[in-house]
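Asks: Residues per chain are reported as follows:
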Amino acid sequence: METQKTKYLNPYIGGVLLGLVLLAANFVSGRGLGASGAIKSTIVSAVTTVAPAASEKSGFVKEFRESHQGNPMKTWLVFEMLGVIVGGFLSGAIAGRLKLKVEHSPKITSKKRIFLALIGGILFGFGSQLGRGCTSGSALSGMAVLSLGGFITMMAIFGTAYALAYFFRKNWI
Amino acid sequence: MKPRNLLALFIIPMGLIIAAVPQNKTKPYKLTAEQLLNEANTRTQYISPETVADMIVKNDPSLRLIDVRSQDEFEKFTLQGAINIPISDLLSDKYSDLLNQDIKMNIFFSNGTITANEAWMVTRQLGYKNNFVLEGGLNYWFDNILNPQKPASSSPDEEFAKYDFRKSTGMALGGGQSVQASQNQTAPASKPAVQAAPKKKKASGGC
Amino acid sequence: MGPLSVNEIISENTNLFLAFLIGIGFGFVLEQSGFSSSRKLAGVFYGYDAVVLKVFFTAAITAMLGLLFFSLFGWIDLNLVYVNPTYLTSAIIGGIIMGAGFIIGGYCPGTSFCGASIGKIDALVFIGGLFIGVLIFGLGYNMWEGMYLAKFLGSPKVSETLGLTDGVFACILIVVALAMFWVAEWAEQKFPREQY
Numbered sequence: 001m002e003t004q005k006t007k008y009l010n011p012y013i014g015g016v017l018l019g020l021v022l023l024a025a026n027f028v029s030g031r032g033l034g035a036s037g038a039i040k041s042t043i044v045s046a047v048t049t050v051a052p053a054a055s056e057k058s059g060f061v062k063e064f065r066e067s068h069q070g071n072p073m074k075t076w077l078v079f080e081m082l083g084v085i086v087g088g089f090l091s092g093a094i095a096g097r098l099k100l101k102v103e104h105s106p107k108i109t110s111k112k113r114i115f116l117a118l119i120g121g122i123l124f125g126f127g128s129q130l131g132r133g134c135t136s137g138s139a140l141s142g143m144a145v146l147s148l149g150g151f152i153t154m155m156a157i158f159g160t161a162y163a164l165a166y167f168f169r170k171n172w173i
Numbered sequence: 001m002k003p004r005n006l007l008a009l010f011i012i013p014m015g016l017i018i019a020a021v022p023q024n025k026t027k028p029y030k031l032t033a034e035q036l037l038n039e040a041n042t043r044t045q046y047i048s049p050e051t052v053a054d055m056i057v058k059n060d061p062s063l064r065l066i067d068v069r070s071q072d073e074f075e076k077f078t079l080q081g082a083i084n085i086p087i088s089d090l091l092s093d094k095y096s097d098l099l100n101q102d103i104k105m106n107i108f109f110s111n112g113t114i115t116a117n118e119a120w121m122v123t124r125q126l127g128y129k130n131n132f133v134l135e136g137g138l139n140y141w142f143d144n145i146l147n148p149q150k151p152a153s154s155s156p157d158e159e160f161a162k163y164d165f166r167k168s169t170g171m172a173l174g175g176g177q178s179v180q181a182s183q184n185q186t187a188p189a190s191k192p193a194v195q196a197a198p199k200k201k202k203a204s205g206g207c
Numbered sequence: 001m002g003p004l005s006v007n008e009i010i011s012e013n014t015n016l017f018l019a020f021l022i023g024i025g026f027g028f029v030l031e032q033s034g035f036s037s038s039r040k041l042a043g044v045f046y047g048y049d050a051v052v053l054k055v056f057f058t059a060a061i062t063a064m065l066g067l068l069f070f071s072l073f074g075w076i077d078l079n080l081v082y083v084n085p086t087y088l089t090s091a092i093i094g095g096i097i098m099g100a101g102f103i104i105g106g107y108c109p110g111t112s113f114c115g116a117s118i119g120k121i122d123a124l125v126f127i128g129g130l131f132i133g134v135l136i137f138g139l140g141y142n143m144w145e146g147m148y149l150a151k152f153l154g155s156p157k158v159s160e161t162l163g164l165t166d167g168v169f170a171c172i173l174i175v176v177a178l179a180m181f182w183v184a185e186w187a188e189q190k191f192p193r194e195q196y
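These protein sequence lines map, in sequence, to chains A, B and C. Residues in the first sequence are numbered from 1 upward in steps of one, following the numbering used here. Residues in the second sequence are numbered from 1 upward in steps of one, following the numbering used here. Residues in the third sequence are numbered from 1 upward in steps of one, following the numbering used here.
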């Protein structure tokens, strides 16, 4: 293997493996994969710790409580996301891709990339709550169980990204 | 071969197979044969007619009588407050919330106990709790609750106590002749507690 | 049989432990497929790298076929598997906002954790943004609660909505996905870029 440019897995093989992971998730727990749910759990638990009185009034916290009993951090998705960090790190270590860096197109500066990542993150975080799940939780897992909402969200995400791609092309190519 | 073609070679036949076979709509059994046999052997599903009569008289809110006979028979005669779920419709989706729940005691009854037992057995195998069978069925109910026979004078005291109880409840339920009920009723066998159904229903989702 | 935790075949803690293992598998596969690189992810929108499209649809189809076959063999009760509920308004608007976040930030939540785990600082910042975004949603929940709960359609399946059986719909989806893969590979050759 050359340094730095270790080859990635063939996307179709990666896809089949990812599908098997998703199948395992459904078989074990009756639900798909997710990511933003873990962030929601963290936010809910942080808010209830910092401002317990105010959080009681929040409809957001209430809505979360209705579907999750007990400690908000002791949920399936939180454990799953901890696994993702470990799994990603292992894979990066094996492939020799561990490196602290800001990845960006040569046409923009690191600072700009960081700024855009923050904006993108805020939008995605907000959108994932409104859409009840991100690309993994709503679109991918939803498609696997043929959920109508999953397909709609998937089309909305990719459709918008394609529609806006032209305006942000300098950031990527 | 290109990876894409290789993938296509696998998933297209699988897609065709899955499109061609009918969907699996069977409801899986949750109990093993041994578990069910054991429950049937210990006769835990039976509720005595005295208990049921007592619950009816007291308007016990947890009681739900389910007549599993045909609609015709149900319309001619049934127990007070009973609803009709003909056994042929037992697995219909519209009744699954009634049968799989943890609030009420469902008591199946038919003329004898055979049909009611069949209903109990099917629902029990699906893992539903809180479903029971009226012991003796409607026939026994007629003979012993609505028209109890006075026990022979040589019978033990408990027999008389039982008779008095049946007499009084039978009257309250509109049967028998007017005979003064005695005060010393024996308490009917205690009814089983309602058990919580498995809490889930579905895994909670959310990304 | 399945789902194991819903049928109480495994305990709650075992379930969480398996969640951790499944997460490791998830993170590993994402990273191996190149989802830890934002420029690779964004490539799908410019035609030079369709890895997202290929992995995403192959995974969805694999899992879907797996679930349908498992159900056919009686290994899993699909009635107990969570089907995401459909709230039409919020699914569309949420999706649009997420799409904008995707093209601007270059990641989605799962892949940003994956990128951060191998040291991508932009991924770490993206995660910071995610937290802020969720917090904003939580703080202003009352403002968009109406939109959040509007047009609730239950949890329908696409196949039901279209009046097809699950199997027939799956078959159609497979054909559509393969057609998209074919177009994507054509585009990759048409708009070649260096690998990242």
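For the record, the hints were derived by calculation from the structure and aren't laboratory data. You may find that some hints are simply not true.
To be verified - To spell it out: a stretch of chain C is covered by chain A in this simulated footprint if at least three of its residues, at any positions, have a beta carbon under 8 Å from a beta carbon of chain A; those stretches are: (1) 7-21; (2) 25-35; (3) 86-94; (4) 144-153.
As the list claims (entries may be wrong) - Here are a few chain C residues that face chain A, going by a calculated C-beta distance under 8 Å: (5) L72; (6) G74; (7) V125.
Predicted model, so just to flag it, every value in this text is computed and none were measured. Heads up, the beta-carbon is just placed ideally off N, CA and C, and yes, glycines get one too.
Asks: Checking each numbered hint in turn, tell me which of them this model violates, lowest number first.
Replies: 5, 6
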